[in-house]
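Just so you know, the sequences run in chain order A and B.
For the first sequence, our numbering begins at 1 and goes up steadily by one.
For the second sequence, our numbering begins at 1 and goes up steadily by one.
Source of the hints: derived by calculation from the structure; they are not laboratory data.
Since this is a predicted model, take the numbers as computed values, not measurements.
Honestly, I wouldn't trust all of these hints.
[Unchecked claim] Calculated lysine-lysine pairs in the DSS-like style (CA-CA distance at most 30 angstroms, straight line):
#1 B:K75 <-> B:K86
#2 A:K46 <-> B:K75
#3 A:K241 <-> A:K258
#4 A:K258 <-> B:K54
[As the list claims (entries may be wrong)] Part of the chain B face toward chain A, derived, beta carbon under 10 angstroms:
#5 F14
#6 E60
#7 P61
#8 G105
[What the hints assert, rightly or not] Part of the chain A face toward chain B, derived, beta carbon under 8 angstroms:
#9 V29
#10 V31
#11 I32
#12 A35
#13 A36
#14 G62
#15 L117
#16 A133
#17 Y219
#18 D223
C-beta atoms are modelled at their ideal positions from N, C-alpha and C, and glycine is treated no differently.
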Amino acid sequence: MPTWDEITPYTERSTFSRNASVTNALFGVHVIALAAAAVFHFTQSKVLLAACGFHTVPAVFGLEAWRFVTYPFAHRFDPASLAAFVVLGWLFIRAGNELEREWGGARMLGFVTALALYGGASQAAWDVFTGSAEKTPAIMMGGFSAPVLGVLLANTLRNPRRPALFMMLIPMRSLAVFWLVFASALLYGVFAVAEELKPVAMAGAVVAMVGAVAAAWTYSRLDPRLDRFLEWLDTRRARAKFLEEFELRAQVDVLLEKIQRSGLTALTRQERKTLRRASGLYKPPARPTHE
Amino acid sequence: MSDARRRVVRLSIFLLPALLLLAALYVFRGDLRASAASFMVPRYTQDGLTLIMKGRNRAEPLGEWLRGEIASLKKRDQIYRFTLPKAGFQVEVQSEPGPSYCDAGSNRIVIRGIPDDAPWERIQPDLSRLVVRAMLREGAPDAEYSPWFEEGVSTYYEGSKMIGSRKVEPIRSAARNAPKSLAEALAARGGAYFSDVSHSIVAFLHEAFTADIIARYAEIERAPGSIPLGEFQRIFGHDVEGAWREYLERRQNGS
Chain A
1 MPTWDEITPY TERSTFSRNA SVTNALFGVH VIALAAAAVF HFTQSKVLLA
51 ACGFHTVPAV FGLEAWRFVT YPFAHRFDPA SLAAFVVLGW LFIRAGNELE
101 REWGGARMLG FVTALALYGG ASQAAWDVFT GSAEKTPAIM MGGFSAPVLG
151 VLLANTLRNP RRPALFMMLI PMRSLAVFWL VFASALLYGV FAVAEELKPV
201 AMAGAVVAMV GAVAAAWTYS RLDPRLDRFL EWLDTRRARA KFLEEFELRA
251 QVDVLLEKIQ RSGLTALTRQ ERKTLRRASG LYKPPARPTH E
Chain B
1 MSDARRRVVR LSIFLLPALL LLAALYVFRG DLRASAASFM VPRYTQDGLT
51 LIMKGRNRAE PLGEWLRGEI ASLKKRDQIY RFTLPKAGFQ VEVQSEPGPS
101 YCDAGSNRIV IRGIPDDAPW ERIQPDLSRL VVRAMLREGA PDAEYSPWFE
151 EGVSTYYEGS KMIGSRKVEP IRSAARNAPK SLAEALAARG GAYFSDVSHS
201 IVAFLHEAFT ADIIARYAEI ERAPGSIPLG EFQRIFGHDV EGAWREYLER
251 RQNGS
């Protein structure tokens, strides 16, 4: 019987990037933010959470839009949050680097930011529709579970049946690993929330995770189609331009014959306009400067 | 289309639904924009009571006073079943002018028109009235209290001591501007002298009847659904209107 490693030669081997990458940089910022959270925890200050955390009322209605991007960095410093940080951080490094290798750093950064925005927007919608926004205006949310789960799903959907190791021990399909992690994160969101955040905030945290994951799923499904659509638009535009040029050249040939036959003065205003338009076609392309 | 431009277009399309959703929330829930301003104001939380106001030297005595008054109100109450919200109270003190309010089903009380440098005692009248109103609602969440009852009970307990007392000026005002009939006063839902007249009815009941009889009527108010016609007269007697008018006259004359 072949070993697991033999049938999965590309799995769990080259997903860890030691090079500079946006994923590694983002994780570095998260580690710094966690260290800051530890300092504020021991000094009993809530400045970090108050400045970076998410709450619907200031973020949406107070126009403090930075909270949509900064709330994943507003970590809490308690045992449950630290355990979640270790597990999700590890998954983020692996899945994020793998995804970034295919997508590039800029797209990865945009994707992670968009997932944070979708997590925040989902929570805001939940808070407004359920009336939680008015009831508990003092509670700020933080943590990077929403964007990390989105990145994990996007990476999983590239090859959902690929084998992977759950908890670095148990072999299973990567989609199954994702569902296990997602379910655990939801349970964490429901049960392991700090007492001061219950009961409204736990619903919000779960909604933010679900919102980010739904956004990642939608993106993974629709982005290739959107890419094909934009490609089709480009092709159509290029084809239209080619046909226009072809027609213009034919018109120019006729006009040149007419000039040769009757002189330049015989041209009508419309024909002169056509010649001016065509002159662009025969201009040599601008030479690149090397200054 | 260049690759960079295409990436920007794709990201913009991806972000568009979230941005539209947020814009819709911002536009359609304009009432929450005022709440956003209160996030800049310091908050003081102790024993389930959160005060959002400027000045620790005002918040601390106000919190202490409110906690003490709520405890004694609950202890003395035999009629209205005053109940503290599970999440405690969250009191926001704002300097902007406007009516103070508390929303039904919410633990949030907004006191308006109090300047940042005003003494904390100025907050007491509005706060005591709204706290009583919120605790009355919390005791029977399914009740559809008569407007006069809610208003009357909350103004009866208004003051620096929430022990329940008749207020001289509102009763005189009610005597001067009494409606044509008691039925009209009981059916009123607002108006120029609504608060004064409602207060006069509750104050009259407390002076003319025992706690048991008032509690029987309060039980009917607490039941889900609107109050059946004639219940007030059934509990307090058919000559209650005459007694109320006599009470108003007596108070107007200063006795």
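Okay, the hints, checked on the actual structure:
1. In summary, the hint linking K75 (chain B) to K86 (chain B) is supported, as the alpha carbons are separated by about 17 angstroms, within the 30 angstroms threshold.
2. As the CA atoms of K46 (chain A) and K75 (chain B) are separated by approximately 36 angstroms, the hinted pair breaks the 30 angstroms bound.
3. Using a Cα cut-off of 30 angstroms, the hinted pair K241 (chain A) and K258 (chain A) holds, with the two alpha carbons roughly 26 angstroms apart.
4. Among the hinted pairs, K258 (chain A) with K54 (chain B) is inconsistent with the structure: their alpha-carbon atoms are about 87 angstroms apart, more than 30 angstroms.
5. Checking F14 (chain B) against chain A by beta carbon gives a least distance of about 6 angstroms; that is within 10 angstroms, so the hint holds.
6. Against a cut-off of 10 angstroms between C-beta atoms, the interface hint on E60 (chain B) is violated, since the closest Cβ of chain A lies about 18 angstroms away.
7. Hint status for P61 (chain B) relative to chain A: violated, with the closest Cβ pair at about 21 angstroms, above 10 angstroms.
8. For G105 (chain B), the suggested interface contact is upheld, since its CB lies about 8 angstroms from the closest CB of chain A, less than 10 angstroms.
9. For V29 (chain A), the shortest C-beta to C-beta distance to chain B is roughly 21 angstroms, which exceeds 8 angstroms, and the interface hint is violated.
10. The closest approach between the C-beta of V31 (chain A) and any C-beta of chain B is roughly 27 angstroms, which is over the 8 angstroms cut-off, so the hint fails.
11. Hint status for I32 (chain A): violated, given a least beta-carbon distance of 25 angstroms to chain B, over 8 angstroms.
12. Taking 8 angstroms as the C-beta contact cut-off toward chain B, the hint placing A35 (chain A) at the interface is violated, the least distance being around 26 angstroms.
13. Because the beta carbon of A36 (chain A) sits about 21 angstroms from the nearest beta carbon in chain B, more than 8 angstroms, this interface hint is broken.
14. Proximity of G62 (chain A) to chain B holds as hinted, the smallest CB-CB distance being about 3 angstroms (cut-off 8 angstroms).
15. Contact between L117 (chain A) and chain B, as hinted, is supported at the beta carbon level, the nearest pair being about 5 angstroms apart and thus within 8 angstroms.
16. Residue-level restraint check for A133 (chain A) holds (minimum Cβ-Cβ distance to chain B is 6 angstroms; threshold 8 angstroms).
17. Restraint check, Y219 (chain A) versus chain B: the minimum CB separation of about 6 angstroms is within 8 angstroms; hint holds.
18. At about 7 angstroms, the closest approach between the beta carbon of D223 (chain A) and any beta carbon in chain B falls short of 8 angstroms, and the interface hint on this residue holds.
Comparing the model with each earlier hint shows violations of hints 2, 4, 6, 7, 9, 10, 11, 12 and 13; every other hint is respected.
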